[in-house]
Amino acid sequence: MALNPHKMREIVFHLLYSSDFTQSGQEDSFSVLMQLHQVTKKNLYTAEAQAQEIRTQLPKIDQMISETAKEYEFDRIPRVERNLLRLGVFEIYFSTLPPKVAISEAVRLARKFASSESANFINAILDALYKNKLEGVQ
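According to this note's numbering, the sequence shown holds residues 156 to 293 in order.
By construction, these hints were calculated from the structure, which means they are not laboratory data.
Think of the CB as a built atom: it goes at the ideal place given N, C-alpha and C, for glycine as much as any other residue.
Misleading hints may appear alongside valid ones.
Claimed, not checked - The list that follows gives simulated cross-link-like pairs (lysine to any residue, SDA-like), each with its CA atoms no further than 25 Å apart:
1) K197 to Q212
2) K215 to L252
3) K197 to L252
4) K215 to E228
5) K267 to F176
6) K215 to N287
7) K162 to N287
8) K197 to T211
9) K215 to V235
10) K196 to P160
11) K267 to R210
12) K225 to N278
13) K255 to A157
14) K215 to A157
15) K255 to A224
16) K225 to T211
17) K225 to E290
18) K288 to Y248
19) K255 to T201
20) K225 to L213
21) K286 to L252
22) K255 to H161
Unchecked claim - Beta-carbon label-pair distances, calculated as ranges:
23) T195 to D230: 32 to 38 Å
24) Q207 to G291: 27 to 33 Å
25) G291 to Y200: 35 to 41 Å
26) K196 to E290: 39 to 45 Å
27) E222 to N159: 14 to 20 Å
Go ahead and model the full structure; you've got the sequences and the hints to work with.
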């Protein structure tokens, strides 16, 4: 059975977050994620394919975040927030999801996995990137 988009996005976030710690051993995290989210291996492989699409765009995505969050050194942005931003930027620029939905979903995940301050930070960065997209800047 296919997962709803909220659950799929949450799993993709977890995969991105875990790959920030290690480049190997993705299979090791699969069993943990299957139990945590109560999903099938097929669902997890679908989420991993989406996470891999994001990883292929990371240099561009990270540059966009760095240029927008000028007052923050990219490597100093906490990993949770950094990966939520990566997911949001990907959905705004490289997917068919409406940008406002992408921003809303990233903020929702930030409230769940970080803090309201983090949610405000993510909202501000993604909103600025969305406005740049509308103006044709990026």
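To see whether the hints hold, each was checked on the structure:
1. Proposed proximity of K197 and Q212 is supported: the alpha carbons are some 24 Å apart, at most 25 Å.
2. In summary, the hint linking K215 to L252 is supported, as the alpha carbons are separated by about 19 Å, within the 25 Å threshold.
3. Straight-line distance between C-alpha atoms of K197 and L252 comes to about 23 Å, which keeps the hinted pair within the 25 Å bound.
4. Our distance criterion of 25 Å between C-alpha atoms is met by K215 and E228, whose separation comes to about 16 Å.
5. Using a Cα cut-off of 25 Å, the hinted pair K267 and F176 holds, with the two alpha carbons roughly 20 Å apart.
6. Among the hinted pairs, K215 with N287 is consistent with the structure: their alpha-carbon atoms are about 15 Å apart, no more than 25 Å.
7. About 28 Å separates the Cα atoms of K162 and N287, which puts this hinted pair outside 25 Å; it is violated.
8. A distance of roughly 21 Å separates the Cα atoms of K197 and T211; the hinted pair therefore holds under the 25 Å criterion.
9. Note on K215 and V235: the hinted pairing holds, with a Cα-Cα distance of about 19 Å set against a maximum of 25 Å.
10. Proposed proximity of K196 and P160 is supported: the alpha carbons are some 17 Å apart, at most 25 Å.
11. Pair hint K267 plus R210 holds up; C-alpha atoms about 23 Å apart against a cutoff of 25 Å.
12. For the suggested pair K225 and N278, the alpha carbons sit about 15 Å apart, so the restraint of at most 25 Å is met.
13. Note on K255 and A157: the hinted pairing holds, with a Cα-Cα distance of about 24 Å set against a maximum of 25 Å.
14. Pair hint K215 plus A157 does not hold up; C-alpha atoms about 30 Å apart against a cutoff of 25 Å.
15. This hinted pair checks out: K255 and A224 have alpha carbons roughly 19 Å apart, not beyond 25 Å.
16. Using a Cα cut-off of 25 Å, the hinted pair K225 and T211 holds, with the two alpha carbons roughly 23 Å apart.
17. With a C-alpha separation of about 19 Å, the suggested pairing of K225 with E290 holds against the 25 Å cut-off.
18. Annotation: proposed proximity of K288 to Y248 holds, straight-line Cα distance about 8 Å (limit 25 Å).
19. In summary, the hint linking K255 to T201 is supported, as the alpha carbons are separated by about 24 Å, within the 25 Å threshold.
20. Note on K225 and L213: the hinted pairing holds, with a Cα-Cα distance of about 18 Å set against a maximum of 25 Å.
21. Taking the CA atoms of K286 and L252, the gap is near 16 Å; set against the 25 Å cutoff, the hint holds.
22. Only pairs whose Cα atoms come within 25 Å are accepted, and K255 paired with H161 is accepted, the gap being roughly 15 Å.
23. Taking 32 to 38 Å as the suggested C-beta distance range, the pair T195 and D230 conforms, at roughly 36 Å.
24. Distance hint check: the CB atoms of Q207 and G291 are about 28 Å apart, consistent with the given range 27 to 33 Å.
25. For the pair G291 and Y200, the supplied restraint of 35 to 41 Å holds, since their beta-carbon distance comes to about 36 Å.
26. Checked against the hint of 39 to 45 Å, the pair K196 and E290 passes, with Cβ atoms roughly 43 Å apart.
27. The supplied range of 14 to 20 Å is broken by E222 and N159, whose beta-carbon atoms lie about 33 Å from each other.
Hint violations for this structure: numbers 7, 14, 27, all remaining hints satisfied.
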